[in-house]
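Q: Please model the complete structure; the sequences and the hints are all you need to start from.
Residue numbers (numbering that gives the first Met the number 0), protein chains in the order written: chain A, 0 to 249; chain B, 0 to 164.
Simulated from the structure, these hints should not be mistaken for laboratory data.
Hints may be right or wrong, so weigh each one.
Claimed, not checked - Subject to a maximum C-alpha distance of 30 Å in a straight line, what follows is the list of computed DSSO-like cross-link-like pairs (lysine-lysine):
no.	chain 1	residue 1	chain 2	residue 2
1	B	K141	B	K127
2	B	K50	A	K56
3	B	K50	A	K88
4	A	K140	B	K35
5	B	K108	B	K121
6	B	K79	B	K89
7	B	K108	B	K89
8	B	K138	B	K125
9	A	K88	A	K11
10	B	K119	B	K162
11	B	K125	B	K141
12	B	K121	B	K151
13	B	K4	A	K180
14	B	K162	B	K127
15	A	K11	B	K4
16	B	K49	A	K56
17	B	K162	B	K121
18	B	K49	A	K88
19	B	K141	B	K162
20	B	K127	B	K138
21	B	K89	B	K125
22	B	K35	A	K56
23	B	K35	A	K88
24	B	K4	A	K20
25	B	K138	B	K151
26	B	K151	B	K141
As the list claims (entries may be wrong) - The following residues of chain A were derived to be distant from chain B, with all beta-carbon distances above 10 Å:
no.	residue
27	E19
28	I110
29	F171
30	L234
For each residue, glycine too, the CB sits at the ideal point set by N, CA and C.
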Amino acid sequence: MIETNSAQPELKNFVGILAEKLEGTPFAHLLHIYENIIYSLIIVAIISLLAYFASRKSSMIPGRLQLFMEMVVGGLDDFVCGILGPAGKRFTPFIGTLFLYILFMNLFGLIPFLKSSTSSLSTTAALAICVFLYIQYTAIKENGFLGYIDHLMGNPRGIIAFTVFIPVLLLFIHIISELVKPLSLALRLRSNIWAEDMLLAVSAQMGIGGVPLLLFNMLLVILSGIMQAVVFSLLSTVYFALVLPHHEKA
Amino acid sequence: MDLLKQLTANEMVAQIISFLLLMALLRIFAWNKLLKLLDDRRERIASEFKKIEDTQASVERMRSGYDRKLADIEAESRAKIQEAIAEGRKVSQEIRESARQEARAILDKAQENIENEVAKAKQELKQKVVELTLGTTEKLIKEKLTEEKDRKLASDFLDELEKVK
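A: Structure (structure tokens):
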């Protein structure tokens with residue numbers, strides 16, 4: 000169940016096994032390239048079906064599934080609006096989807112023969128790019144292009160040094176900080192989940208004697224997976240809060 | 000930098016599409032529907048609570064109104080009872096007074112009657128005494144008187160006098 004061909008141990012997953020079986024065919028190559036995408040699409044299907052079945056016969060008196068989904072949706076809405084205020088409701092679908100997607104991807108690696116897509120930097124970078132682009136779009140939409148530049152130049156302004164030098168310096172620093180944000184988001188999530196996968200793979204290598212340690216590590220991985228999803232969503236929400244006009248914050 | 004070499008454009012684009020697809024699907028099935036439902040339910044619960052509070056306030060108002068009316072009715076009934084008691088006392092006082100006056104009138108009349116009867120009796124006695132005296136005197140004049148006859152005469156006179164009484 001464990002691959003040790005590469006430098007790092009890795010738990011086997013069914014797409015990898017299938018690619019091995021079809022070794023040498025173009026399909027195996029595709030499977031190898033889009034391994035993470037396949038798991039992501041499975042998660043997209045699972046979450047969409049859950050949402051579909053929960054809201055299919057939605058009523059004022061909810062069933063169990065609807066109640067569960069309402070708790071999730073309502074909780075995420077409260078989470079976003081708690082930081083951004085009532086005006087932040089329009090960001091709930093984006094941040095909520097981000098949270099659910101990352102959470103499912105993080106925890107998917109715990110199921111035998113499945114894999115966490117978030118252990119791939121491409122996946123986390125893609126999500127971080129989505130966050131970055133949406134934040135920049137929101138910032139320009141809310142403040143105007145010049146207003147956003149003005150916002151990045153910071154305050155105060157006044158005498159000569161403050162009029163030119165410091166605002167330009169602050170603009171430069173802020174642009175770098177804006178670019179670093181997605182990088183930090185992507186690297187943090189990828190590295191944590193990759194480390195969790197390593198931990199599980201190493202524990203699994205220990206055989207029967209390592210089962211208690213494996214179970215303990217699985218508990219840690221569950222906690223860490225939830226926490227990383229929260230951290231990614233929370234930081235994204237805070238980044239939105241930083242670019243929104245201040246009167247919109249609660 | 001080795002880490003950055005792991006980035007593949009195809010996978011990133013596919014992941015972005017996958018995420019946007021999920022967001023679109025959840026927007027249809029979860030966010031729009033369920034958030035609206037939650038808002039509607041919140042509003043409905045708030046309005047139901049408002050209704051309950053309004054009804055409670057109205058019931059409270061009605062109850063205090065009824066309490067006030069009840070207190071008024073009690074006060075009125077107490078006043079009427081007091082009035083009736085006073086009226087009753089007045090009537091009984093009048094009845095007593097009238098009975099007293101009537102009794103006094105009866106007593107006065109009886110007293111007057113007694114006095115009249117006494118006066119009449121006295122008059123009659125006086126008449127009898129005169130008649131007896133005249134009769135006795137007449138007898139004395141007609142008969143020669145002896146000691147024995149005198150005694151008998153006096154005794155008869157006294158008997159007659161007793162009868163008259």
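Q: Would you mind marking each hint as holding or not holding in the structure?
A: How the hints compare with the structure:
1. Distance check on the hinted pair: K141 (chain B) and K127 (chain B) sit about 20 Å apart at the alpha-carbon level, within 30 Å; holds.
2. The hinted pair formed by K50 (chain B) and K56 (chain A) meets the criterion: a straight-line CA distance of about 28 Å does not exceed 30 Å.
3. The hinted pair formed by K50 (chain B) and K88 (chain A) meets the criterion: a straight-line CA distance of about 28 Å does not exceed 30 Å.
4. Pair hint K140 (chain A) plus K35 (chain B) holds up; C-alpha atoms about 25 Å apart against a cutoff of 30 Å.
5. Between K108 (chain B) and K121 (chain B) the alpha-carbon distance is near 19 Å, which keeps this suggested pair within the 30 Å criterion.
6. With a C-alpha separation of about 15 Å, the suggested pairing of K79 (chain B) with K89 (chain B) holds against the 30 Å cut-off.
7. Of the pairs offered as hints, the one joining K108 (chain B) and K89 (chain B) holds, with about 28 Å between alpha carbons and a cut-off of 30 Å not exceeded.
8. As the CA atoms of K138 (chain B) and K125 (chain B) are separated by approximately 20 Å, the hinted pair is consistent with the 30 Å bound.
9. About 41 Å separates the Cα atoms of K88 (chain A) and K11 (chain A), which puts this hinted pair outside 30 Å; it is violated.
10. Of the supplied pair hints, the one linking K119 (chain B) and K162 (chain B) holds, its CA atoms being roughly 17 Å apart against a limit of 30 Å.
11. The straight-line distance between the Cα atoms of K125 (chain B) and K141 (chain B) is roughly 24 Å, inside the 30 Å bound, and the hint therefore holds.
12. Only pairs whose Cα atoms come within 30 Å are accepted, and K121 (chain B) paired with K151 (chain B) is accepted, the gap being roughly 27 Å.
13. A C-alpha spacing of about 19 Å is found between K4 (chain B) and K180 (chain A), which places the hinted pair at or below 30 Å, so the restraint holds.
14. The straight-line distance between the Cα atoms of K162 (chain B) and K127 (chain B) is roughly 11 Å, inside the 30 Å bound, and the hint therefore holds.
15. Distance restraint check for K11 (chain A) and K4 (chain B): the Cα-Cα separation of roughly 23 Å lies within the 30 Å cut-off, and the hinted pair is therefore satisfied.
16. This hinted pair checks out: K49 (chain B) and K56 (chain A) have alpha carbons roughly 28 Å apart, not beyond 30 Å.
17. Restraint check: the Cα-Cα separation between K162 (chain B) and K121 (chain B) comes to about 14 Å, which is no more than 30 Å; the hinted pair holds.
18. With a C-alpha separation of about 25 Å, the suggested pairing of K49 (chain B) with K88 (chain A) holds against the 30 Å cut-off.
19. Taken as a hint, the K141 (chain B) and K162 (chain B) pair is honoured in the structure, with Cα atoms around 24 Å apart against an allowance of 30 Å.
20. Under the criterion of a C-alpha separation no larger than 30 Å, the hint pairing K127 (chain B) with K138 (chain B) is consistent with the structure, at around 16 Å.
21. At roughly 53 Å between alpha-carbon atoms, K89 (chain B) and K125 (chain B) are farther apart than 30 Å, so this suggested pair is violated.
22. Taking the CA atoms of K35 (chain B) and K56 (chain A), the gap is about 14 Å. The hint holds against a cut of 30 Å.
23. Between K35 (chain B) and K88 (chain A) the alpha-carbon distance is near 12 Å, which keeps this suggested pair within the 30 Å criterion.
24. For the hint pairing K4 (chain B) with K20 (chain A), the CA-to-CA distance comes to about 27 Å; that is within 30 Å, so the pair holds.
25. With a C-alpha separation of about 12 Å, the suggested pairing of K138 (chain B) with K151 (chain B) holds against the 30 Å cut-off.
26. A hinted pair counts as satisfied when its Cα atoms are at most 30 Å apart, and K151 (chain B) with K141 (chain B) qualifies at roughly 15 Å.
27. At roughly 20 Å from the closest C-beta of chain B, the C-beta of E19 (chain A) stays outside 10 Å, upholding its exclusion from the interface.
28. Listed as outside the interface, I110 (chain A) is consistent with that label: its C-beta sits roughly 19 Å from the nearest C-beta of chain B, beyond the 10 Å cut-off.
29. Separation of F171 (chain A) from chain B is adequate, the least Cβ-Cβ distance of about 23 Å exceeding the 10 Å criterion.
30. The beta carbon of L234 (chain A) sits about 17 Å from the closest Cβ of chain B, which is more than 10 Å, so the claim that it is off the interface holds.
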